[in-house]
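Protein chains: 2
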Amino acid sequence: MSGKHVLRMAELEVDPAQLDAYCALLAEEIEASISLEAGVLSLNAVAFKDSPHRIRILEVYESREAYEAHLQTPHFLKYKDGTMNMVTSLTLVDVEPVMMRSKP
Amino acid sequence: MSGKHVLRMAELEVDPAQLDAYCALLAEEIEASISLEAGVLSLNAVAFKDSPHRIRILEVYESREAYEAHLQTPHFLKYKDGTMNMVTSLTLVDVEPVMMRSKP
Numbered sequence: 336m337s338g339k340h341v342l343r344m345a346e347l348e349v350d351p352a353q354l355d356a357y358c359a360l361l362a363e364e365i366e367a368s369i370s371l372e373a374g375v376l377s378l379n380a381v382a383f384k385d386s387p388h389r390i391r392i393l394e395v396y397e398s399r400e401a402y403e404a405h406l407q408t409p410h411f412l413k414y415k416d417g418t419m420n421m422v423t424s425l426t427l428v429d430v431e432p433v434m435m436r437s438k439p
Numbered sequence: 336m337s338g339k340h341v342l343r344m345a346e347l348e349v350d351p352a353q354l355d356a357y358c359a360l361l362a363e364e365i366e367a368s369i370s371l372e373a374g375v376l377s378l379n380a381v382a383f384k385d386s387p388h389r390i391r392i393l394e395v396y397e398s399r400e401a402y403e404a405h406l407q408t409p410h411f412l413k414y415k416d417g418t419m420n421m422v423t424s425l426t427l428v429d430v431e432p433v434m435m436r437s438k439p
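Note that the protein sequences, when read in sequence, are chains D and S.
For the first sequence, the working numbering begins at 336 and goes up steadily by one.
For the second sequence, the working numbering begins at 336 and goes up steadily by one.
Mixed in with the good hints there might be a few duds.
Note that the list lumps identical chains together, so a pair holds whenever it fits in one copy or between two copies.
[Unchecked claim] Straight-line alpha carbon distances no greater than 25 Å define the calculated BS3-like cross-link-like pairs of lysine-lysine that follow:
{"no.": "1", "residue 1": "Lys413", "residue 2": "Lys339"}
{"no.": "2", "residue 1": "Lys384", "residue 2": "Lys339"}
{"no.": "3", "residue 1": "Lys415", "residue 2": "Lys438"}
By construction, these hints were calculated from the structure, which means they are not laboratory data.
Excised from the complex, chain D in its bound form:
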């Protein structure tokens, strides 16, 4: 993992009544970002099993520039506008890799 990569952990809570709609918009946004943006390396979104309105997203971008560009894409803006009234709490944490490994 290069030192110039940008990593973020998003910690969200979503209105339970709108959770299905939120997850659909998030899934669409992640699919588009990975498919269309060379600088978006991974987006892993999970929900707490016992309280599925609590979401964590581990985000990895190639660079600061890639991250800034991502924020201006139509698919991200659609997600952001579409979910604005579904998200009841949002904490964005800048993180750094300790060790990140996946099966090839």
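We have chain D already, so just place chain S on it with the hints.
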């Protein structure tokens, strides 16, 4: 992501005075788990940039059996015993995928 996969988010705090030693043991454990265990699919450990003693680990196992086997491996037991007195807080959360995508 198959429904039978087991996913977990570990949220830890580590004694800041022992952080380097903790990260070395964690990195060694992750490297060994991915290299040696077919059922350990990914282990992504990150630290908060502004408070690096706060650690998050997103763990993905092939199955419940793979997860249980992992807990008995020499490298996991070495990590667990070696870090027992370094970890000041540990929360293990069962999570489910919402959408997980990485560049090929």
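Hint check, failures only: 1
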